[in-house]
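Visitor: Given the coordinates of chain A, assemble chain B onto it according to the supplied hints.
Number of protein chains: 2
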Amino acid sequence: MKLQVTQENLSKALNSVAKVANTRSTLPVLANVLFKTVGNRLSIAGTNLDIAITHYIGSKVMEEGAITVPARLMQDFITSLPSSVISLELDENKLHIKTDKYQSTINGMSAEDFPVMPDISKGTEWNIPGKALKSALQQVVVAASTNETRPVLTGVFLHSHEGVLYAVATDSYRLAEKTLISTKEEIKLLVPASAMHDLLRILTDYEEDVQIVHNDQQILFKAGDVELVTRLIEGSYPDYRKLIPKEFKAKATLKRTELTNVTKVSSLFARESAGSITISLDEKKGELSVRSIASQLGENSSSADAKISGNGSITLNSKYLLDALNVFSGDNITLSFNGKLDPATLFDADNKDYLHVVMPLKS
Amino acid sequence: MKLQVTQENLSKALNSVAKVANTRSTLPVLANVLFKTVGNRLSIAGTNLDIAITHYIGSKVMEEGAITVPARLMQDFITSLPSSVISLELDENKLHIKTDKYQSTINGMSAEDFPVMPDISKGTEWNIPGKALKSALQQVVVAASTNETRPVLTGVFLHSHEGVLYAVATDSYRLAEKTLISTKEEIKLLVPASAMHDLLRILTDYEEDVQIVHNDQQILFKAGDVELVTRLIEGSYPDYRKLIPKEFKAKATLKRTELTNVTKVSSLFARESAGSITISLDEKKGELSVRSIASQLGENSSSADAKISGNGSITLNSKYLLDALNVFSGDNITLSFNGKLDPATLFDADNKDYLHVVMPLKS
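One line per chain: the protein sequences are A and B, in this order.
By our numbering, the letter at position 149 of the first sequence is numbered 149, and the numbering carries on one by one without gaps.
By our numbering, the letter at position 232 of the second sequence is numbered 232, and the numbering carries on one by one without gaps.
Bear in mind the hints are in silico, worked out from the structure with no lab data behind them.
Each residue gets a CB set at the ideal place from its N, CA and C atoms; glycine is no exception.
Hints are not guaranteed to be accurate.
What the hints assert, rightly or not - Derived list of chain B stretches under chain A, where covered just means 3 residues or more per stretch with a C-beta under 8 Å from a C-beta of chain A:
id	segment
1	75-85
2	264-278
Unchecked claim - Subject to a maximum C-alpha distance of 25 Å in a straight line, what follows is the list of computed SDA-like cross-link-like pairs (lysine to any residue):
id	chain 1	residue 1	chain 2	residue 2
3	A	Lys101	B	Lys264
4	B	Lys101	A	Arg271
5	A	Lys94	A	Asp113
6	A	Lys101	B	Thr278
7	B	Lys98	A	Glu272
8	A	Lys264	B	Thr99
9	B	Lys101	A	Ser309
10	A	Lys36	A	Glu8
With the rest of the complex left out, here is chain A (with noise of 0.2 Å):
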């Protein structure tokens, strides 16, 4: 292997690679990552066996071949270089990396032990825009559990409905769901909720379709010059329609920073009844208050001016309120309940396509 690429290039395709990689896996081989010409490109790769990303990047290609290196020294070696061309030279298995002032070996194992990744030509194929995927992953993903006990639980589930693509994710105390796009597909599909963490990580910049292929084990996301690979969960997903309240007895709106504010204020004075807040609505008032108690702290009322119809209280946990409303977008923010019992709903004031749905507690 000899080639030349530019540091800018290369450091890109390490940072979105490199993460995947794992120094503490029992298989030494999934701390490096593959570096492997592919025609005219470099291709560099990372598995964590459940995850594979592959960076393509334009390279001039003296000689073919492939070794992997270790992931974090490669990436903290690159991305420490100026901005400039990088020779690689691939000497049995020492990689000698230069440039005009820096020169490098650094010792690789062979490209033969790492896992080859697998191949899902054969599946459905479909495209979505990059920019309403990324921005549905962002609002949906934080409700995903990570409690391994109930592995459908810890997936993001694309699926379509009447014509209608959805993500929608769930740990049983909370639920968000974000409408896509229209659809002719049959799409019923449930993806981890880690590789979507590193899918938006890989989608940061980029506006463009991403192109969808799956099989019923595997989906592959393709992005440009990116590709992410990710085993899907199995398993049925809870039928979460029927959790989804349809009519409010009580409602308020407000600005999406004073109801978060109230609660951020709220919930320091929470922390010995595990986040719990009380939150009452006063139709006549116009007001919005926030109630919490810490018997051994103290205690602590706030309120917010809103929009309000009905009267009513709800007590909910103060970190899923605050995380829904991280992911929010909008300035304005409706916040509905029924009773005591029934969950609370949050849409953004002026935009349905979302919906976030919180449990309550028993106060």
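Guide: This is chain B only, laid out in the frame that chain A set:
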């Protein structure tokens, strides 16, 4: 106690004071800050028994009094509030805190349980410009030891020598000395470096004179409305002047950012060898090169253009070199040394009031 203060003043005071409060202390009251009316001001004080910080803010005092409240909760709460007037009212040990939209009650502990701040009013007194003290401390604290086995090395040595005040710190592996101001006082003070970190935080936006008062055991730094008192370290400081080389056989002057870059890159390959890198000067080529070897990972050599007189090489700990480069402020740096067994000295190329000495490693 009944009074009013502004959110801005109170949150600024808590930010300077709360950090010395310690929730892990065996004395629970040390996790609190003391609120106490003093004439028409409110004093907010915190201490860990080694260091005490007191911040005075203007206040409309309706009723005198004193109470201690949990430092962390109070700080988080007050800094989260919008800019406004805050009313504080004490009812037994409950502190009621009110603004227009927020009401809290914090359970306090009696002010009588709070340790009395030491009084050192009868000590020697002198002044120093805040800016000079701040830049001196920033440049020397990094070289102080964090290892308590030799307590004198955990201090910053403020002392006069032939009519000039110096600040010095050394952990025996490196040494930093800053020339401060001319003085007629006989000064010999060994101040804990940890207290100097707190002082730096307090001095962030402070440009006026700092008033210093000290006796044999303690020292007070007074910066406007904030006072910091700390114990002094006992013991005699090593005769460090004989460790500073006076003449050099080899010398390189180059851009500080360039020396930082090549050192950083080389340090990536020096992880196995405890940060050991070898710097070589080549007068003919006008080049400083840095080399490091990691037997497992590979090796690196980097170079930078430099104005050089003399040839030679020296092996240093890259962490110490980076720490030093980080506290210089000028654009150009001069690195000088004699042989492999003598220390390297760093100067700002255009300003000799600060020097940093790094001991060599065996290579």
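Visitor: Confirm or reject each hint.
Guide: Taking the hints in turn, this is what the structure says about them:
With a threshold of 8 Å between beta carbons, the proposed coverage of the segment 75-85 of chain B by chain A holds, since 5 of its residues qualify and at least three are required. Three residues within the 8 Å Cβ limit are the bar, and the segment 264-278 of chain B against chain A gives 4, so the coverage statement holds. About 14 Å separates the Cα atoms of Lys101 of chain A and Lys264 of chain B, which keeps this hinted pair within 25 Å; it holds. The suggested pairing of Lys101 of chain B with Arg271 of chain A holds, with an alpha-carbon distance near 21 Å, which does not exceed 25 Å.
At roughly 15 Å between alpha-carbon atoms, Lys94 of chain A and Asp113 of chain A fall within 25 Å of each other, so this suggested pair holds. Restraint check for Lys101 of chain A and Thr278 of chain B: satisfied, since their Cα atoms lie roughly 16 Å apart, inside the 25 Å limit. The hinted pair formed by Lys98 of chain B and Glu272 of chain A meets the criterion: a straight-line CA distance of about 22 Å does not exceed 25 Å. At most 25 Å may separate the alpha-carbon atoms for a hinted pair to count; Lys264 of chain A and Thr99 of chain B meet this at roughly 16 Å.
Among the hinted pairs, Lys101 of chain B with Ser309 of chain A is consistent with the structure: their alpha-carbon atoms are about 21 Å apart, no more than 25 Å. For the hint linking Lys36 of chain A to Glu8 of chain A, the alpha-carbon distance of about 18 Å falls within 25 Å, and the restraint holds.
Of the hints listed earlier, there is not a single one the structure fails to meet.
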